[in-house]
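**Student:** Fit chain B to the supplied structure of chain A, relying on the hints for placement.
Listed below are the residues making up each chain.
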Amino acid sequence: MLLIFQEEKLRTRNPYRALGFGFCLAGAIFAPVSYFIVSSVPLTAIGLSAIMIGLTAIALASSRPALSPESCEVMLRTGMENMSALIEELGLRSKAIYLPSSMREGKAQAVIPLVDNGNLTQVKGKIPGRLIVRYGSNPEDMAIAVSTPGSINIGMLESRPGPTASEIEAAASYVLSGLLDLADSVTVNLSNGRVNAEVNGSRIRYEDIWFYRCLGSPLASIIAAISSEALEKPVRILEEKQERGKSRVVIEVLS
Amino acid sequence: MTIFNKYLMTLVLAASMVNIFLAFFKQNSLEIYFVVNILSYLIITLLYVYINPRARAALNAISAILFGGFMVIVIIKVLEIIY
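Line order of the protein sequences matches chains A and B.
Numbering-wise (the working numbering), the first sequence opens with residue 4 and increments by one.
Numbering-wise (the working numbering), the second sequence opens with residue -13 and increments by one.
Next comes chain A alone, as it looks inside the complex (with noise of 0.2 Å):
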């Protein structure tokens, strides 16, 4: 009963709904008006068009999460704070390697190599699907395998992105713009074994942290394992810039 009440409060205080149907009762008011009674034309397909317009916004709040903001904030930051705690305890320094999901058993992660300066080359073929694994054959090889936000993003996509730079920005830009709402567009191009992502209107501040540090802001996150998926190799973030409105990414492709 509480949680029918608590939805149904959630989907009254859906700001599209109540624009929409505030567009609708205008728009089927003014429409007869203006056409029987006034006798305008202008008047009622201006009436029509607000009733258009009503129909998006009502569809538009259709397709929002019953979820506030405020309880996706948390569950987020819950992830997040145990995510530090355990990075932290095991003193990793080293950037997370994002691996595609051909390398993970079919689940795009991250590993995260316990010793910092590893040799990164090592990271081929399969790595099993374990929290701790070797990805190398040297015995300081091992590193903690972790989902991220990119990783858990990477099942969203309609389909797997081709290796050319308009297939990456075309996938980031649906996840970050479309399905996230996290920035306004991306820019990405591809050089010298780089990619270089340019984020704008980021809703996401980058935070000099640990967490950050070691696998990347959420956006970062997101772009590497995007980029990974997409080339099928193994990525690490190598720089991340917020300046302006504007944050870069910085991708070195491995192997």
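FRET-style restraints, in silico, Cβ to Cβ:
1) B/25 - A/35: 19 to 29 Å
2) B/33 - A/248: 18 to 28 Å
3) A/192 - B/66: 51 to 61 Å
4) B/54 - A/248: 38 to 48 Å
5) A/83 - B/11: 51 to 61 Å
6) B/11 - A/40: 22 to 32 Å
7) B/2 - A/253: 40 to 50 Å
8) B/66 - A/72: 45 to 55 Å
9) B/7 - A/161: 32 to 42 Å
A few chain B residues that face chain A, going by a derived Cβ cut-off under 7 Å, partial list only:
10) -12
11) -11
12) -3
13) 5
14) 9
15) 16
16) 19
17) 23
18) 36
19) 38
20) 40
21) 41
22) 45
23) 48
If you're looking for bench data, these hints aren't it; they were derived computationally from the structure.
Remember, it's a predicted structure, so these values are computed and weren't measured experimentally.
Cβ atoms here follow ideal geometry from the backbone N, Cα and C, with glycine treated the same way.
**Tutor:** Okay, now just chain B, sitting in the frame of chain A:
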């Protein structure tokens, strides 16, 4: 501004521009207003390719209904010309 807000703002601006433009040229046929509004709606909806799949499905349903209305007007006009 989120993608939904941008999309709605574009629709509102396009509808306003179309209606003002046609009224400026003293167009007095409701069919013309309706058809041009539907065309602008369909073009803008197609241009927003990054809208999420759930919203896209709902918008496709509305587009199909509007396209049906557009076709009805076209067929009526063609029949008027033929007979």
